[in-house]
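Based on the hints, put chain B in the right spot on chain A.
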Amino acid sequence: MNSLDKLIYMANQIARNLSPVADGANEAAVADHIAKFWDPHMKAMIFRHVEQGGEGLSPTSLGALRQLMDEGAPPPQTRATKFSSVDGAGRSDAG
Amino acid sequence: MTYVKQSDFGTPEADGAPVRLTIDGQQVTVPAGTTVMRAAAEIGTAIPKLCATDSLKQFGSCRLCLVEVDGVRGTPASCTTPVAEGMIVHTQSERLAKLRRGVMELYISDHPLDCLTCSANGDCELQEQAGAVGLREVRYGYEGENHLVQAKDGSNPYFDFDPTKCIVCSRCVRACDEVQGTFALTIEGSGFASKVSAGTERDDFLSSECVSCGACVQACPTATLQEKAVAEIGTPDRAVITTCAYCGVGCTFRAEMRGEQLVRMVPWKDGKANHGHSCVKGRFAWGYAQHKDRILKPMIRASIDQPWREVEWDEALAYAASELKRIQAKYGQRSLGGITSSRCTNEETFLVQKLVRAGFGNNNVDTCARVCHSPTGYGLKTTFGTSAGTQDFDSVAKADVILIIGANPTDGHPVFASRMKQRLRQGAKLIVVDPRRIDLVRTPHIEAAHHLPLRPGTNVAVLTAMAHVIVTEGLANEAFIRERCDWDEYSDWAAFVSDPKRSPEATEALTNVPAADLRAAARLYATGGNGAIYYGLGVTEHSQGSSTVMAIANLAMATGNIGREGVGVNPLRGQNNVQGACDMGSFPHELSGYRHISDTETRTLFERDWGVTLDPEPGLRIPNMLDAAVDGVFKAIYIQGEDILQSDPNTQHVAAGLAAMECVIVHDLFLNETANYAHIFLPGSTFLEKTGTFTNAERRIQLVRRVMSPLNGLEDWEVTQALANALDLGWHYTHASEIMDEIARLTPSFAGVSFARIEALGSMQWPANDKAPDGTPVMHIGGFARGKGKFVVTDYVPTDEKTGPRYPLLLTTGRILSHYNVGAQTRRTANTAWHPEDRLEMHPVDAEDRGLKDGDWTRLASRSGETTLRVLVTDRVAPGVVYTTFHHPATQANVVTSEYSDWATNCPEYKVTAVQVSPSNGPTDWQEDYEALSERSRRIVHAEAAE
Chain A
1 MNSLDKLIYM ANQIARNLSP VADGANEAAV ADHIAKFWDP HMKAMIFRHV
51 EQGGEGLSPT SLGALRQLMD EGAPPPQTRA TKFSSVDGAG RSDAG
Chain B
1 MTYVKQSDFG TPEADGAPVR LTIDGQQVTV PAGTTVMRAA AEIGTAIPKL
51 CATDSLKQFG SCRLCLVEVD GVRGTPASCT TPVAEGMIVH TQSERLAKLR
101 RGVMELYISD HPLDCLTCSA NGDCELQEQA GAVGLREVRY GYEGENHLVQ
151 AKDGSNPYFD FDPTKCIVCS RCVRACDEVQ GTFALTIEGS GFASKVSAGT
201 ERDDFLSSEC VSCGACVQAC PTATLQEKAV AEIGTPDRAV ITTCAYCGVG
251 CTFRAEMRGE QLVRMVPWKD GKANHGHSCV KGRFAWGYAQ HKDRILKPMI
301 RASIDQPWRE VEWDEALAYA ASELKRIQAK YGQRSLGGIT SSRCTNEETF
351 LVQKLVRAGF GNNNVDTCAR VCHSPTGYGL KTTFGTSAGT QDFDSVAKAD
401 VILIIGANPT DGHPVFASRM KQRLRQGAKL IVVDPRRIDL VRTPHIEAAH
451 HLPLRPGTNV AVLTAMAHVI VTEGLANEAF IRERCDWDEY SDWAAFVSDP
501 KRSPEATEAL TNVPAADLRA AARLYATGGN GAIYYGLGVT EHSQGSSTVM
551 AIANLAMATG NIGREGVGVN PLRGQNNVQG ACDMGSFPHE LSGYRHISDT
601 ETRTLFERDW GVTLDPEPGL RIPNMLDAAV DGVFKAIYIQ GEDILQSDPN
651 TQHVAAGLAA MECVIVHDLF LNETANYAHI FLPGSTFLEK TGTFTNAERR
701 IQLVRRVMSP LNGLEDWEVT QALANALDLG WHYTHASEIM DEIARLTPSF
751 AGVSFARIEA LGSMQWPAND KAPDGTPVMH IGGFARGKGK FVVTDYVPTD
801 EKTGPRYPLL LTTGRILSHY NVGAQTRRTA NTAWHPEDRL EMHPVDAEDR
851 GLKDGDWTRL ASRSGETTLR VLVTDRVAPG VVYTTFHHPA TQANVVTSEY
901 SDWATNCPEY KVTAVQVSPS NGPTDWQEDY EALSERSRRI VHAEAAE
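Residue numbers (our numbering), protein chains in the order written: chain A, 1 to 95; chain B, 1 to 947.
These are calculated hints, taken from the structure and not from any lab test.
Source: prediction; values computed, not measured.
Some clues are possibly wrong.
Said to hold, decoys possible - Taking lysine to any residue pairs in the SDA-like style, the calculated list, with each CA pair at most 20 Å apart, reads:
| id | chain 1 | residue 1 | chain 2 | residue 2 |
| --- | --- | --- | --- | --- |
| 1 | B | Lys853 | B | Gly865 |
| 2 | B | Lys802 | A | Asn12 |
| 3 | B | Lys771 | B | Ala756 |
| 4 | A | Lys6 | B | Ala656 |
| 5 | A | Lys43 | B | Asp615 |
To be verified - Just so you have them, the derived chain A footprint on chain B, three or more residues with Cβ under 8 Å:
| id | region |
| --- | --- |
| 6 | 541-553 |
| 7 | 589-597 |
| 8 | 789-799 |
Glycine residues also receive a C-beta, built at the ideal position from the N, C-alpha and C atoms.
Extracted from the complex, chain A is given alone in its bound form (with noise of 0.2 Å):
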């Protein structure tokens, strides 16, 4: 897989792996992931594909990435995207 194809796929999974989350906020859930863990080159490429007509994309994760570029990062929508604040006991998140 070249790159794009890479974050189309990983897009796509995201979206099947967060679609037991409730009906109307599983692409804000999408779109919080990536905007809180895809870096700036990523987020460009695959934009650029949106823009492009987004071929390959499934409904939700393309529905996801719209939503992040028109309307900009959504608040968290799982404790996976919700962070220690600055003065927070912060606990593990990985080992």
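Relative to chain A, chain B alone:
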């Protein structure tokens, strides 16, 4: 400094109600259950002993520790006599002295008298006790039958067994049984013919079941079991307490030295993680620090097809700085990045991420947690609000049902596994969910109640089927859920898992797990008492790794197995400081303390302290760095203590990414595989040569103390600082403790941490701040740290890595006890005696289908690539599944692994690769080409010595 041996109280600690007694006229109060021997030792009275040591249960065989007790006939052994209220004990009298001398006479009549040339001279309990009891003659003489002519067993690379010195106290046998749980040793014969044996007549220590943990050596009171290093060098003259640099258990050791020469590593009895035990790696495999392959001088080259040129530090750092600046000017702010090491200290990791953020001006920093437990972070954070392991290691002592999924603790976390085995031998039940029959399924005195040999890639389906059983059979803990979790979310989840299509019967064909076995296992976990789940990379290294972690958390919450000792969700973290590396902000989206880089307040805190403006956008993860490199937009990288070419998946893609970069800086001990593509090599220092802290899997921060000068001249944090200053960053740390002070200043969970506090307390578990000044051992007692526990619906999504006619088998990978990960350290020690090569485990049916016999060379091919290794025919794996380790670079195991990864974190799916296996007559073209490239790449033009 004077060498002081560790205290030995003779018998283990007890914890009953206080009992008062008198010993030699002195009043003493100890817990009920304490032996007289221990009570005496605690007031400084050393009753003579030989068969007793405080890591083992009392044995009562040597008869040296006799005492007199008022009102009690005879002379009871103090090691087997529990204290009683009002007891009056006398530890010394004419009668006792005569009896003890008599016992010693018997021992010495059949013992070599070469004390002055014996390797245990000055460190021998037999010698010590002969002196203590006042032995002056041996009336029996020395002409009788004896055991003085017997062959020494030197087969183990690290210690010798000399039966001529054995007093058959059985400490070694008992240590192997009680502490390690391997039961490799026994006393063969009886009476005068009794002798220690490592197995059958044909076995020596190396060929036996012995796992070389060193417990027997540590327990042995004489020179019978002795480290070869002590025999060669002499006894140590000082000891420094430090922390092991292998796995996430974080064993603490006494580095016993003679000058700057390390004589031996002895487990520290007060180590909170290991309680005086060790494994072969930490105990013995530290010789890599002085291996001839160690690179001690900086090296540079303009391109990777040229030989390396040794240079001085100034030249190497100036070259590195000029390249980084050139690349950033040409390709942009985000065209470079770094990888922190999960093996280096917290302080060193903090500086690498600071170099990237404050120096390079972006967030392109990542760490090896990416490829191991990043799904743990995502998954447990979503469900519990915090993802630290919920328990400490000691918690296993209170578990009634232990469920191990995707982990092999006897190989990966051996010291913790020994504790787990102690609990299992006491009667706790075991459930193993693993495609392979790991050792724990059936091991001396332990048998798993259930082994569920699932098809690789079906974790979520199996866990959901278990949830189905628990919910539909009414086994959920409703009271716990109502109190601690969100009931509506639970109801949604319960409805989801109750669907008949998620039942064990409906999923049996998919998972390969018989429905009846799965139902029984689920019932046992839910109703068997305290249920504790331990898991490893067989959970995380999948395309649904994060989902599997959440499924595990769902099970624990549904059954109320959270928030007290003996339960919990326990990720078995791998590296010695992977916990620390994550705590220090090694991920591209987070600053230290798990605060997102986009948070303005957090960023401002760092910007004020560092005097720079930080990039608010998340950076690249390691796999994305490689993609960006192939795209031509990521051109330089600083890699500290990580070998991505060997450890990351799809080797050919990693090689392509590295080859596309213009400046690869490798900071490591050896010329590793990644260094084949490097332009600058900065020599690193080992854990023996630096001071700092590691944080183990229990969030326990422990000190690493320098015991010898760094052979390369600098501790690793000093190298990073020098590179930063070559980039004009103006850092001026003079000691690692100053870096920890900065971490504490900027990271609330570390606010109370300092070297002084850790020294005073021995170790600290974060969070350590005003609310918890001494640290926080157990989490979620009474409630989850962030409100309610969250049930998350985890739908099974099959991996896209499919078997088919061309690739009909599934490959999964793992580790072996004697080696550590890519083997960079352990391959450069005598541990190669146990595992000189990686082998492909294959079921007899699959082997026969292909005309393969045990030991044959095979070609292992996948859609990504192919490699060659020798087959090991075994029924430990199910038909259709093959398994290998990845400790030797020649194996090239990651040439075949795919690019699929966890949906949430990009943790690679190492555990599921569709492969075909066929006979082979030699290495693949890739292996041969790679061998040639490595040879060319490792040429070094040494600097001429100064006149």
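Query raised in the report: How does the coverage statement for the region 589-597 of chain B fare against chain A, requiring three or more residues with Cβ below 8 Å from a Cβ of that chain?
Result: holds (count 7)
Report task. Please work out if lysine 802 (chain B) and asparagine 12 (chain A) have their alpha carbons no farther apart than 20 Å. Result -> holds (18 Å)
Query raised in the report: For the pair supplied as a hint, lysine 853 (chain B) and glycine 865 (chain B), is the alpha-carbon distance within the 20 Å limit?
Result: violated (23 Å)
**Report entry** Distance restraint between lysine 43 (chain A) and aspartate 615 (chain B), which requires alpha-carbon spacing of 20 Å or less
**Finding:** Measuring from Cα to Cα gives roughly 15 Å; hence the hint holds.
Query - lysine 6 (chain A) paired with alanine 656 (chain B) [C-alpha distance capped at 20 Å] - result: OK: lysine 6 (chain A) and alanine 656 (chain B) at ~16 Å, within 20 Å.
Query - lysine 771 (chain B) paired with alanine 756 (chain B) [C-alpha distance capped at 20 Å] - result: holds (19 Å)
Requested in this report: Please count how many residues of the region 789-799 of chain B have a CB within 8 Å of a CB from chain A and say whether that reaches 3.
Outcome: With 6 residues closer than 8 Å to chain A, the region 789-799 of chain B meets the three-residue bar; holds.
**Report entry** Residues of the region 541-553 of chain B with Cβ under 8 Å from chain A, three needed, outcome
**Finding:** holds (count 4)
Hint 1 from the earlier list is the only one contradicted by this structure; the remaining hints agree with it.
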